[in-house]
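Now for the letters of each chain:
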Amino acid sequence: MRRALRSLTTLLALAIALAGTAARAAEPPDAVERGRYLVAAGGCVTCHTADQPDATPLSGGRALETPFGTFYSPNLTPDEGTGLGGWTDQDLERALREGVAPDGSRYFPAFPYPAYTGLSDEDVAAIGAYLRSLRPVRQAVPEHELPWYLSSRRVIWAWNLAGFRPGRFVPDGSRSPAWNRGAYLVRHLGHCGECHTPRNLLGIPDPRRELAGTPAGPDGGKVPDITADPESGIGRWSADEIVMFLEYGVLPDGDFVGASMGDVITDNTSRLTADDRAAIATYLRSVGRAP
Amino acid sequence: MRPRLLPALVAITALALPALATSATAPADAIKYRKAVMSAMSDHVSAFMLINFGKVEHQAHLLPHARALADLGAQSKVLFPAGTDSGDTDALPLIWQEQERFGKLAADLESASARLRDAVAANDKAGTMAAFKALGESCKGCHDRYRKADD
Numbered sequence: 001m002r003r004a005l006r007s008l009t010t011l012l013a014l015a016i017a018l019a020g021t022a023a024r025a026a027e028p029p030d031a032v033e034r035g036r037y038l039v040a041a042g043g044c045v046t047c048h049t050a051d052q053p054d055a056t057p058l059s060g061g062r063a064l065e066t067p068f069g070t071f072y073s074p075n076l077t078p079d080e081g082t083g084l085g086g087w088t089d090q091d092l093e094r095a096l097r098e099g100v101a102p103d104g105s106r107y108f109p110a111f112p113y114p115a116y117t118g119l120s121d122e123d124v125a126a127i128g129a130y131l132r133s134l135r136p137v138r139q140a141v142p143e144h145e146l147p148w149y150l151s152s153r154r155v156i157w158a159w160n161l162a163g164f165r166p167g168r169f170v171p172d173g174s175r176s177p178a179w180n181r182g183a184y185l186v187r188h189l190g191h192c193g194e195c196h197t198p199r200n201l202l203g204i205p206d207p208r209r210e211l212a213g214t215p216a217g218p219d220g221g222k223v224p225d226i227t228a229d230p231e232s233g234i235g236r237w238s239a240d241e242i243v244m245f246l247e248y249g250v251l252p253d254g255d256f257v258g259a260s261m262g263d264v265i266t267d268n269t270s271r272l273t274a275d276d277r278a279a280i281a282t283y284l285r286s287v288g289r290a291p
Numbered sequence: 001m002r003p004r005l006l007p008a009l010v011a012i013t014a015l016a017l018p019a020l021a022t023s024a025t026a027p028a029d030a031i032k033y034r035k036a037v038m039s040a041m042s043d044h045v046s047a048f049m050l051i052n053f054g055k056v057e058h059q060a061h062l063l064p065h066a067r068a069l070a071d072l073g074a075q076s077k078v079l080f081p082a083g084t085d086s087g088d089t090d091a092l093p094l095i096w097q098e099q100e101r102f103g104k105l106a107a108d109l110e111s112a113s114a115r116l117r118d119a120v121a122a123n124d125k126a127g128t129m130a131a132f133k134a135l136g137e138s139c140k141g142c143h144d145r146y147r148k149a150d151d
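As given, the protein sequences belong to chains U and V, one line each in that order. For the first sequence, position 175 matches number 175 in this note's numbering, and the numbering has no gaps at all. For the second sequence, position 142 matches number 142 in this note's numbering, and the numbering has no gaps at all.
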């Protein structure tokens, strides 16, 4: 009897362990790993994690203060009520590439869909696989705090008409693979221009002044010019200096950055492969310069 | 009465002198000193990187820079006396409201810079890079939360 009971317990434990594995193994492990990398490279963690030491990554709730009001990032874990539980691949693809929620409402461009629109099909699928592999966290986030003229999301429709150009990234055949990889990371996945490219009064980034910096950044502080201009930008930095900055957050003069960029280094660029950091440096050294 | 009072006064004055000397440090000077030490640390980091990443020779200078960083890193906790939260400084008042959290970051700087010095002294390349990363994390962690963003 006792032996039977013991083997039953063992069997039960085994069944539970297997069920757990089965639930986790629903996604192809390669895609999950690739998605984990892309989510780090895409800066998702930085905005979608509350600014508290014990916050669960990607469970949302971070306040993003902008000249247009305070936005609270949504919960990206697969919780049914408060997160992305029940989302299909198509839902995620529409959100990332078009800025449209499953219910058809539009996201404010505080969510960088104007940059993510360039993501490749494989990257979108891998991001979905990784997000679904996360442990669901039940966490509702506050409503955005916005001025009256943004109280209707129909405003976004008008904004999109003026400022949003949907479309996949198209490599430039006249440039090197490293340059193209860097362009993909900077313009799309890493969305550097969201902070570093100046915007007009409607908040639309000026494509002719890509990465030229702005006096009013997300911290209320100045966002530097990171074009290859030797005076206003980082044209005097060597490629190695750019790479070291992205890896350690250290400036060529030995100072370490803080504020928003400090978070970007910690959550995003320090987690990239050395090749990807080098690709970003290759691309940045071309911005604002004749090819 | 009078003859006894004088030695007592002298004694009290003598005891009070060091305290007076300390409190006589003007906050503005304490801030200037803090900035000088911070700037010295960043110069050592910059020099350290130039050698460590093979941009210049001077291998023999690597240890002096690492030692200086460890010595100065150990000082960071005394660079933020009360009353130095305003004036010509980017240090945010939050430092003095979160002494425990701030103190932990200062301790991280001290231990990371000590590890860097020890790894360089032992000619341990991998350990040097790991300690440099930890040093950067402590600098960045503090600047993230407690230094005013550029304006």
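Just so you know, the hints here were simulated from the structure itself, not pulled from any lab data. A few of these clues could be false.
[Said to hold, decoys possible] DSSO-like, lysine-lysine: derived pairs with alpha carbons at most 27 Å apart:
| no. | chain 1 | residue 1 | chain 2 | residue 2 |
| --- | --- | --- | --- | --- |
| 1 | U | LYS222 | V | LYS32 |
| 2 | U | LYS222 | V | LYS148 |
| 3 | V | LYS77 | V | LYS133 |
[Unchecked claim] Have a look at the derived ranges for each label pair, beta carbon to beta carbon:
| no. | chain 1 | residue 1 | chain 2 | residue 2 | range |
| --- | --- | --- | --- | --- | --- |
| 4 | U | ALA63 | V | ALA126 | 46 to 54 Å |
| 5 | V | SER86 | U | ALA63 | 19 to 27 Å |
| 6 | V | TYR33 | U | TYR149 | 19 to 27 Å |
| 7 | U | ASP253 | V | LEU63 | 51 to 59 Å |
For each residue, glycine too, the CB sits at the ideal point set by N, CA and C.
Consistency of the hints with the structure:
Distance check on the hinted pair: LYS222 (chain U) and LYS32 (chain V) sit about 24 Å apart at the alpha-carbon level, within 27 Å; holds. For a cut-off of 27 Å, the pair hint linking LYS222 (chain U) to LYS148 (chain V) stands: about 11 Å separates their Cα positions. In summary, the hint linking LYS77 (chain V) to LYS133 (chain V) is supported, as the alpha carbons are separated by about 20 Å, within the 27 Å threshold. The beta-carbon spacing between ALA63 (chain U) and ALA126 (chain V), approximately 39 Å, falls outside the hinted interval of 46 to 54 Å.
At roughly 26 Å, the beta-carbon separation of SER86 (chain V) and ALA63 (chain U) lies within the given 19 to 27 Å, and the hint holds. Checked against the given bound of 19 to 27 Å, the beta carbons of TYR33 (chain V) and TYR149 (chain U), roughly 49 Å apart, lie outside it. As the Cβ distance of ASP253 (chain U) to LEU63 (chain V) is approximately 22 Å, the hint placing it in 51 to 59 Å is violated.
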